[in-house]
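All chains should be built: construct the whole structure from the sequences, respecting the hints.
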Amino acid sequence: MSALLEIEGLYSGYAGVAMVRDLNLTVHAGEIVALLGPNGAGKTTTLLTTSGLNPVMKGDIRVFGRSIRGRPAHRAPREGLAHVLEDRSLFYQLTVAENLRLAAARSRGDLDRALSYFPALEPLLGRRAGLLSGGEQQMLAMARALTSKPRLLMVDEMSLGLAPVIVERLLPVLRRIVDDTGAGVLLVEQHVHLALEVADRAAVLVHGDLVASGTTAEIAGRAAALESTYFGAGPGVDADAGPSVDASTSTSTSTSPSASRSASPSANANANPSAGPDAGPDDRPDDPETAPEADLEGSR
Amino acid sequence: MTRPRIPAARLRAGVPALVVVALLAVILAKGDYRTNFFSGGGFALGALVAAIALGVVVTYRGSGVVNLAGAAVAMYAAYVYADLRTHGDLFLPPLPNPLAPIEGLVHLAGDDSFTVPHWPTSVSFGATMGFWPALVLALVFCALFGLVLHVAVFRPLRHAPVLAKVVASVGVLLFLQAVVVRRFSTTTQVVGPLPFVDKTQVDLGLFKITQEQLFVVCLVLVLAVALWALFQRSRFGLAVRAAAENEKGATVLGFSADRLAAATWVLSTVVTGLLGIFVASVNSSVDPNTMPALIVPAVTAALVGGFTSFGWTTLAAFALGMQVALVTFLGANESWFPKADGLPVPGVDLLVPLVVIVAVLALRGQSLPTRGVLGPGRLPFSPTARPWALRYGGPGLAVVALIPGVFFLSPAMRDGLTNTLTGIVICLSIVVLTGFIGQISLAQTSFAGLSAYTVASLSTHHGWPFPLPILAGAAVAVVAGVLVALPALRVRGVHLAIATLAFAVAVDKVVFANSWINGGFDGATVTTPALIRSQDTDTHHVLGVTIGDGTQPNPLTLVFCLIVVVALGYLVANLRRSLTGRQMLAIRSNERAAAAAGVNVAAVKVLAFGVSAFIAGVGGAVIAYRTGNVTPDKFLYDKSLMFFAFAYLGGIASVSGAVTGGLLVGGGLGFTVLNKVFGLPDEFVLLLGGLGLVVTAVLNPEGVAGKARTDLLALRRRFRPPTPADRPTPADPPTPADRPTPMDPLTPTDTATTITEPTASATTGPSAASTPAAAAAVPTAAATPTAAATPATAATPATASISAAAAVPTAAAAPTASGSAAGTHVGGSAGATPAVAGEAR
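Heads up: the protein sequence lines correspond to chains H and G, in order.
Heads up: the first sequence runs through residues 1 to 300, numbered per our numbering.
Heads up: the second sequence runs through residues 1 to 841, numbered per our numbering.
The hints are simulated quantities; they were obtained by calculation from the structure and are not laboratory data.
Here the structure is a predicted model, which is why all the values come from computation and not from measurement.
Careful, some of the hints might be misleading.
Said to hold, decoys possible - So the derived label-pair ranges between C-beta atoms look like this:
{"id": "1", "chain 1": "G", "residue 1": "Thr200", "chain 2": "H", "residue 2": "Gly130", "range": "51 to 59 Å"}
{"id": "2", "chain 1": "H", "residue 1": "Gly130", "chain 2": "G", "residue 2": "Leu699", "range": "28 to 36 Å"}
{"id": "3", "chain 1": "G", "residue 1": "Thr308", "chain 2": "H", "residue 2": "Ala120", "range": "24 to 32 Å"}
{"id": "4", "chain 1": "G", "residue 1": "Leu699", "chain 2": "H", "residue 2": "Asn39", "range": "30 to 38 Å"}
{"id": "5", "chain 1": "H", "residue 1": "Ala163", "chain 2": "G", "residue 2": "Asn574", "range": "45 to 53 Å"}
{"id": "6", "chain 1": "G", "residue 1": "Leu699", "chain 2": "H", "residue 2": "Tyr14", "range": "17 to 25 Å"}
{"id": "7", "chain 1": "G", "residue 1": "Arg592", "chain 2": "H", "residue 2": "Gly161", "range": "16 to 24 Å"}
{"id": "8", "chain 1": "G", "residue 1": "Gly396", "chain 2": "H", "residue 2": "Gly130", "range": "48 to 56 Å"}
Unchecked claim - No farther apart than 25 Å at their CA atoms in a straight line, the calculated lysine-lysine pairs in the DSS-like style are these:
{"id": "9", "chain 1": "H", "residue 1": "Lys58", "chain 2": "G", "residue 2": "Lys248"}
{"id": "10", "chain 1": "H", "residue 1": "Lys149", "chain 2": "G", "residue 2": "Lys248"}
{"id": "11", "chain 1": "G", "residue 1": "Lys339", "chain 2": "G", "residue 2": "Lys509"}
Glycine included, each C-beta is placed from N, C-alpha and C at the ideal position.
Pasting the structure below:
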């Protein structure tokens, strides 16, 4: 399997300060890689840098085997890289159809294929993008990215500002897209559990450092420790740190709030098996009574 | 029973449509109205206005800039073409010459024969040039000019506030006018006819039109359709619209927003230039003033088209061009036409765009900006006056200006200083309106002029004693200012700039050019007390000191101006310090947020316009008293643009900026020094002003005074001994071990709140836990995520690790090596922060 995206020793940031340090990451064709981490971890920076919207300070990024250094940002889509930006960057003054047409490099066929993933957009084609709801806008952003037939798709915070129910319906579409087209996906997501449901592999960034990476199952085993980092307690995913693994006991319990809200039973079914076995007996807390407390801490 | 309500939206569309239809019906019904409205000259003017408007729309759609210099580009192209046709010369704008200062210094030293090599002023292509080569060359020049405008001026400004873009386009307008005046003087230039059409009349049934006029009209209509097709049907047009709205979004779809904007700039300058050349040929002449003023009807037309619709823009432009001839006819023949002293009131044709603008804005505008309109970019920082500045600034300025001004300066320099002082007053009025509350008014000298004429009338015809007319004049200005504020309640940014510009142009013609008001050729006389009359040459003895040396201007005039400047300076400085000032700044940064915070946006806006007009009115009155004679030329709309330019150049958001602006204004002290000491000709000053404005808008949006202030602060920091409390600067090379520096400087409150949060969560743990063992375990667990990354803290006692945990997430800048060091570090920086935060925004 060839690597669509290879990030090697990347340093990137703003105003001379590296927000991402020494990042190594690859995305292969046909897989979804979730890039996880708390606010300010450098996830969006990584994506922007890959798109060429932010300069590389040190290290290298190769997209489809070619270094992105010296490539103007607007050249990337032509090479097959699509980026759904965090703010979606829709053109609110243009209609849905016009938004899609801008991305359709080749034919009407691409447009129809992209729409087939989001049939809800069909009746809205003549409407201005600015008049769509948040969920519809996100669908449009995704559809627009798909219209250009990308080989590598980067999706930034698909869930931002959306109700969990909508996110739970949107994320599985990514899986379908990858299975249908064989594209690679780099997914940045704050909803760790939802992201882990659809992803094949995951990497965790905390304060710009890669603190964990591996298969979804491996990461899911430490999901709660991961969540604790969202509340600013610093990098918690460390195999050697006993207490931090303590906190990870809550994996199964802490999924439950979001999972119980989920409409689809498959989401539950997915979440628990992947988290369950890998949480492992050695990850069990010494004192069972502290577990609910830790969970409360983590999800607050 | 409830009455059915007419939907407001339908009313908004229906009423203007009815008015337009009714007007058209009247025009078509009366034979002589029809022939005057559908006249060849009207069509030609309409075509030119339409071309300029189309150019404005193209530029706006491509780069979001309302190019107030659009009409000046048409004028400039016509000059380039005319010069190529008649002399075969392609004239060049004055280019910066690094050697020029050397020459200036040598001349200053007394050797006038010394010269250094200079750039050529023109490139010669032979004695004359044929039509086609001249046209092509002129258009190539236009295309290049469009490209230069994009690359050098508007691309650097693409994320700048609307204000900066307006200022830059005003700068370009002034620059183009100044270049033409410099090369050709203000006289009218003859332009040869077009070779393939002539002046034979074509009868179109409803009206007659000459061949060349018909050609120009058809050309504009074809261009409008072509542009519409380009923007509506082509992928390029779609991409331009997309990129104008969201540059990043367009980039990730594979479009270079930069290239698209460049293409639209070239397109607009070529379209505008082409019609400028053709209409100048049809009219057989071009001059530096007529065409640039067409920006008002052109922008009005663009406004009718919502800056997007080519069809409505073209229609409105033709209507606005064609109504001029009809209004002139009405004035000459209709008894109901408003008359002044038996003559028809001049400039009613210019009131039409104003009425249209106000109507359009009133119907379309929103009392608060809608979603997506916000984010106008950052305006220059507006500092509060420091106590020392308040205490010593006024007297300091007084001493610095007074002593040399009264006793030592030559009459010319004294005159320049007085001009500077009156300039400061006008700049102060702009500081209040634009610097504090972010509203753009291009009509400040109109307020001043209204006040000046009031002063003239009251002091001479009604015998009001000094200084009562000043108050009356200022009151008139306030009334005008509040009137202008009414559209400002519903529109903002560049739309307001357009409305005020139209107001200024209309006031120029209706009031200032009205011989009933302006006193005819000699101007309106002001009865000035001898003591402050500029022409007074008597010497005065005050406390044993002799003032005056028998030359004009009278030094006491200067004293009078100075008193006014100091008083108004204190007014503005205190306004900034007051609650009202803070409310103004709140409105400036976000009207919605200000309204949500309980600021009465409408009332504060009206107040700001009132205060600003009051200051401008006092300025106008001072100018009137000082000269003893009011002439319109001091208050025309281009003077408003100039003052706006120099206020921005000086620093639009502070009193010191206004003072700097006053030093720079035409006729001011800086000007006099350049003129008298360095021998620079007058037009050069405007040229430098226009250029300086563009450069300031691009490189240094805080103006000269703002730049000086930040430089001074930086210098003071450099010489202050470094303390351990200093934050690490962003320039420090980041190492992998470093935590990233937070983007925003910490404020004490930030630190305080975030430090308490983790501690609180750590303490809630034990209270909720049932066993002492768990109580001991939980705080550690809360602290551990940090400890895991920092082995050093893992060994420290529980309390220390809690403090480290508390410190790290907030600071994120703290070195990870030692928890306690991180704690002190953050504490120290928080202690140092107030000073930093106070100086930064």
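Comparing the hints with the structure gives:
1. In this structure the supplied range 51 to 59 Å holds for threonine 200 of chain G paired with glycine 130 of chain H, their Cβ-Cβ distance being about 52 Å.
2. Range check, glycine 130 of chain H to leucine 699 of chain G: Cβ separation about 34 Å, and the 28 to 36 Å hint holds.
3. Between threonine 308 of chain G and alanine 120 of chain H the beta carbon distance is about 29 Å. The supplied range of 24 to 32 Å therefore holds.
4. The hinted range of 30 to 38 Å is satisfied by leucine 699 of chain G and asparagine 39 of chain H, whose Cβ atoms lie roughly 34 Å apart.
5. A hinted range of 45 to 53 Å holds for the C-beta pair alanine 163 of chain H and asparagine 574 of chain G, which are about 51 Å apart.
6. Distance hint for leucine 699 of chain G and tyrosine 14 of chain H: a CB-CB separation of about 21 Å, consistent with the stated range 17 to 25 Å.
7. Between arginine 592 of chain G and glycine 161 of chain H the C-beta distance comes to about 19 Å, which sits within the given range of 16 to 24 Å.
8. Between glycine 396 of chain G and glycine 130 of chain H the beta carbons are some 53 Å apart, a value that agrees with the proposed interval 48 to 56 Å.
9. The hinted pair formed by lysine 58 of chain H and lysine 248 of chain G meets the criterion: a straight-line CA distance of about 23 Å does not exceed 25 Å.
10. Taking the CA atoms of lysine 149 of chain H and lysine 248 of chain G, the gap is about 19 Å. The hint holds against a cut of 25 Å.
11. At roughly 14 Å between alpha-carbon atoms, lysine 339 of chain G and lysine 509 of chain G fall within 25 Å of each other, so this suggested pair holds.
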